[in-house]
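Novice: Chains as they are written, first to last, in our numbering: chain A, 1 to 231; chain B, 1001 to 1290.
No lab work stands behind these hints, which were simulated from the structure alone.
Please note that a few of the clues may not be correct.
[Stated by the list, open to error] Only some residues are given here: those of chain A computed to face chain B with a beta carbon under 7 angstroms:
(1) Phe23
(2) Ala60
(3) Arg69
(4) Leu77
(5) Leu103
(6) Phe224
[Stated by the list, open to error] Once the Cα atoms are required to be at most 25 angstroms apart in a straight line, the calculated SDA-like pairs of lysine to any residue come out as:
(7) B:Lys1087 / B:Ser1180
(8) B:Lys1087 / A:Pro127
(9) B:Lys1229 / A:Leu125
(10) B:Lys1087 / A:Gly133
(11) B:Lys1087 / A:Lys64
(12) A:Lys64 / B:Arg1183
(13) B:Lys1229 / A:Arg123
(14) A:Lys64 / B:Lys1229
(15) B:Lys1087 / A:Ser132
(16) B:Lys1274 / A:Gly129
(17) B:Lys1229 / A:Ser132
(18) A:Lys121 / B:Leu1160
(19) B:Lys1229 / A:Thr130
(20) A:Lys64 / B:Glu1172
(21) B:Lys1229 / A:Asn70
(22) B:Lys1087 / A:Gly11
(23) B:Lys1229 / A:Ala14
(24) A:Lys121 / B:Leu1155
(25) B:Lys1229 / A:Gly133
(26) B:Lys1274 / A:Pro127
Note that this is a predicted model, so its numbers are computed, not measured.
No residue lacks a Cβ here, since even glycine has one placed at the ideal position from N, Cα and C.
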Amino acid sequence: MLFAAHDIAGGYGAIHIVRNISFELDAGDTLALLGRNGMGKTTLLRTLVGLADRFAGGVAVDGKPLPPRNPRALARLGVTFVPDDRGVFARLTVAENIRLAQLAAYGETAPDVYALFPDLKRRMLQPAGTLSGGQQQQLAIARALATAPRLLIVDELSQGLQPSVVEDLARALIEVTGQSGLALILVDQNPKLAMRICDKVMVMQRGEVVASGSSAMLGSDPRFFDLLIVS
Amino acid sequence: MSSWVQILLDFIWASSGLALVAFSLGLILGELRIVNIAQGDLMMVGAYSMYAMRGLPFLIALPLTFVVGFVLGLVLERGVLRWVYDKGFMTTLLATWGVGIILQQGVATVFTVSQKGIDPPLKGLIEIGDVVYPEYRIAAAAGIIALLTILLLVLYRTALGLRLRASIDNVEMAAVLGISPQRMFAMVFALATALAVLAGALIAPTIAINPTLGLSFLAPAFFAVLISKPGSLGGPVLGAVAVEFTFTLLQAYLNITVAESILFGLLAIFIVLKPQGITWSWITAREEAS
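The following block holds chain B by itself, in its conformation from the complex (with noise of 0.2 angstroms):
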């Protein structure tokens, strides 16, 4: 009983992280139509930002990382990215990489290659059972699955949801309906980057922080993306949950060198046999009921 409680927590907290990552990932795919392989590096800018700003509080420190990662996502999209949208997709995909390059390296100089730590800002420990599980934890996958909520609501049921929605459908007949490609470009890179750039930081205080530590989240998150429905919103969230499921019930039983091989070798055969992806029922359901 204690162990599946256990393990019940550690899916939450992985998949919420990686729910969030995903979200922000394809968010990029939808609107842009680009693959991100920076999104990963993103999350290693976050994390550096909280190491950076360790001697503010922490509330104060994450709202501030948000606002470097929309900056950045900002600078990023008007800087590099909108002078090779109709260059193709492996120009994207070239420019994305190095942009990831750029901040690995950028942080390298910057803070050394050694490993950095944060303290979390809740050090307790919460009792469920025999299981003692840290607080920290719990709160920011509360926080994510609350903002996660907040977004997919905007999305679903504002205007502005409804634009950005149009937008990522036909950015040509949104541009005839008086909606901006280029803001909205430059909008959705710059949330999608704050947003991986937050992931980041709620992560920090729990792992080892290096510069290369956003590689280890870009594959899920990716196979996370196209297991759902091109152009979803809602569908990487869930596809974040499937994946890290699927590898929290690996891991279970297997190493997880073991796991990951297999998860990943799952994820290769389920996109070989569906290349379309899952139409997640319910996100329909509310699309068609919105």
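The shape of chain A in the complex, shown without the other chains (with noise of 0.2 angstroms):
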């Protein structure tokens, strides 16, 4: 087993915002993490990370428990995370952003980024706060890759961005997940991009699971489209 949630309770503070959650993937799982606004996901993707804090419940990779509030931790066994304002280190450039990342890799066989993404290679010199906002995104989910990880969890893949670019996003992280066994979770608001990327899926509601199973299945069923929508 990769990597493995078991009861997480999780919040900022004295604010409990997600609990009892348990979860497992194996190498080369995609989880797709869907839910309404405010129902917990980016707390309960900061909580697994250790940039929020975890009340209760175990995380583990290959079995070995993980203390909390620790990315660091998570970073040496090879978990990376992408969060939803991209987190791009705005002064340094495009290559250095990448070149952290290098110097940061778990693995030894990370992708080629700049061939997942040619417009990056044209902006190599270009500090990462003056790119648009499609062009920080593909570095973050460049910088990601370029640590040769063994699971990315990537919060709001497509928020704010024109089709387009989420289209080339969702294209490089199929390539990826699908060739190298990466395990992928992935928060989007838009829950058929991320079924499409995504083997799997668990929804949300008020900070716990309200359903799970696979993309397929969930995807089918006429109820599970009525948990997405704000009610």
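Two chains, two separate frames, one set of hints: put the complex together.
Specialist: Shown next, in the form of structure tokens:
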């Protein structure tokens, strides 16, 4: 088992936002985390990677339990994260952002990120803060992939991006996860996009998982999309 | 002509020392988001360290002083600052102020408040035209310029520098990429402390050493940092050059009190008009090229 989360409860300070969340991922598994805004998806991801408080439960990589609030521990085991604000180093150039990831690489066989995103190669010397939103998301994904991770966690892949950029990003993720055994946890507001990229789905409501299964099975259930509609 | 050579040499000497202090202040502000009020007092510690080691050869005492500063920085970061990082701006400000007071009182207790002095290791004079200038000041300024060049090269050309700049830019994402914020904070504070102590050590042979000597360097160093863009590492160095250039010009025509008043007035107006500081174009160009 590559990654396991058991009975996770998390939030910020005294505020508990997610609870009782358990799931496991093997190498190559791809999981879409869906739900309406404010249901705790981002908090769950941040709790898993150690950027929010974990009040209960455990996270383990390769069966090894990990301390809360310690993103470095996950980085050392090949788990990386793209936050919803993309988290690019704005004052560093594109090349420096990628170089930094290569310095922190877990594995030895990272994909050629400049081949995946040729636009970044043309902008290698440009400060990341001056890129457009779509280019910053490409850089954030490229930087994460340059760490040669075993598990990539992406929060809001398509948020605020034009459809052609989203399509390029989706194609890159499908290509990399299909070829390398990279596991993926993806949060996105577009369920069809997320389920096209991921084989498994979990739906969250009010901080808890209310439905889970394969993308094909849940996608064909007429009640599934009701869970995602703002009521 | 000779007066302009004198002004130029005075400017190089004063701006090099200020640049080192401003660089160290900017490093702490950029990485730790802390305004270190004690930075001037750390210079004072450097001066007293040199006084305490005045029996040793200067070139042995100087690196020892740097080591003293680095260890002091580690102790202050681990013992004081790490407990107040998440307590807000005012708390960190008061904490560093408190550290400064403790350093002043500690030094006054050990060495008394009477002024001290040390001899420069180079006592000769250099003649440039009609101007006669102390050898030591020229050698020390050259040493500081070389040190700042090396530090900027490390920051902009090495993996360690890349990690440090990433940590300054976005400490959370740096942690996601395996860079320890705690380790980086400790290293940056220790290095910045050591640089301030070193600056004090280098200036020591040219001033009267007393427990409050750091105060006169603190305000211009802060202005040097404030007029550069937040988070910039080379900016405070150029900020120091700009501050000292203005001050040197004013001082050439006015008495020191009036010159200081006008300088700080001009800087205050500048910061009100341009609160985000100057984007020094050559640094931006270098960042893009690296």
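Novice: Now tell me, hint by hint, if it's right for this structure.
Specialist: Going through the hints against the structure:
{"no.": "1", "hint": "Phe23", "in the structure": "violated, 21 angstroms"}
{"no.": "2", "hint": "Ala60", "in the structure": "violated, 18 angstroms"}
{"no.": "3", "hint": "Arg69", "in the structure": "violated, 10 angstroms"}
{"no.": "4", "hint": "Leu77", "in the structure": "violated, 10 angstroms"}
{"no.": "5", "hint": "Leu103", "in the structure": "holds, 6 angstroms"}
{"no.": "6", "hint": "Phe224", "in the structure": "violated, 32 angstroms"}
{"no.": "7", "hint": "B:Lys1087 / B:Ser1180", "in the structure": "holds, 20 angstroms"}
{"no.": "8", "hint": "B:Lys1087 / A:Pro127", "in the structure": "violated, 32 angstroms"}
{"no.": "9", "hint": "B:Lys1229 / A:Leu125", "in the structure": "holds, 20 angstroms"}
{"no.": "10", "hint": "B:Lys1087 / A:Gly133", "in the structure": "violated, 33 angstroms"}
{"no.": "11", "hint": "B:Lys1087 / A:Lys64", "in the structure": "violated, 33 angstroms"}
{"no.": "12", "hint": "A:Lys64 / B:Arg1183", "in the structure": "holds, 24 angstroms"}
{"no.": "13", "hint": "B:Lys1229 / A:Arg123", "in the structure": "holds, 23 angstroms"}
{"no.": "14", "hint": "A:Lys64 / B:Lys1229", "in the structure": "violated, 44 angstroms"}
{"no.": "15", "hint": "B:Lys1087 / A:Ser132", "in the structure": "violated, 35 angstroms"}
{"no.": "16", "hint": "B:Lys1274 / A:Gly129", "in the structure": "holds, 21 angstroms"}
{"no.": "17", "hint": "B:Lys1229 / A:Ser132", "in the structure": "holds, 22 angstroms"}
{"no.": "18", "hint": "A:Lys121 / B:Leu1160", "in the structure": "holds, 24 angstroms"}
{"no.": "19", "hint": "B:Lys1229 / A:Thr130", "in the structure": "holds, 16 angstroms"}
{"no.": "20", "hint": "A:Lys64 / B:Glu1172", "in the structure": "holds, 23 angstroms"}
{"no.": "21", "hint": "B:Lys1229 / A:Asn70", "in the structure": "violated, 31 angstroms"}
{"no.": "22", "hint": "B:Lys1087 / A:Gly11", "in the structure": "holds, 20 angstroms"}
{"no.": "23", "hint": "B:Lys1229 / A:Ala14", "in the structure": "violated, 36 angstroms"}
{"no.": "24", "hint": "A:Lys121 / B:Leu1155", "in the structure": "holds, 23 angstroms"}
{"no.": "25", "hint": "B:Lys1229 / A:Gly133", "in the structure": "holds, 23 angstroms"}
{"no.": "26", "hint": "B:Lys1274 / A:Pro127", "in the structure": "holds, 22 angstroms"}
Figure legend: structure checked against the earlier numbered hints; hints not met, in rising order: 1, 2, 3, 4, 6, 8, 10, 11, 14, 15, 21, 23.
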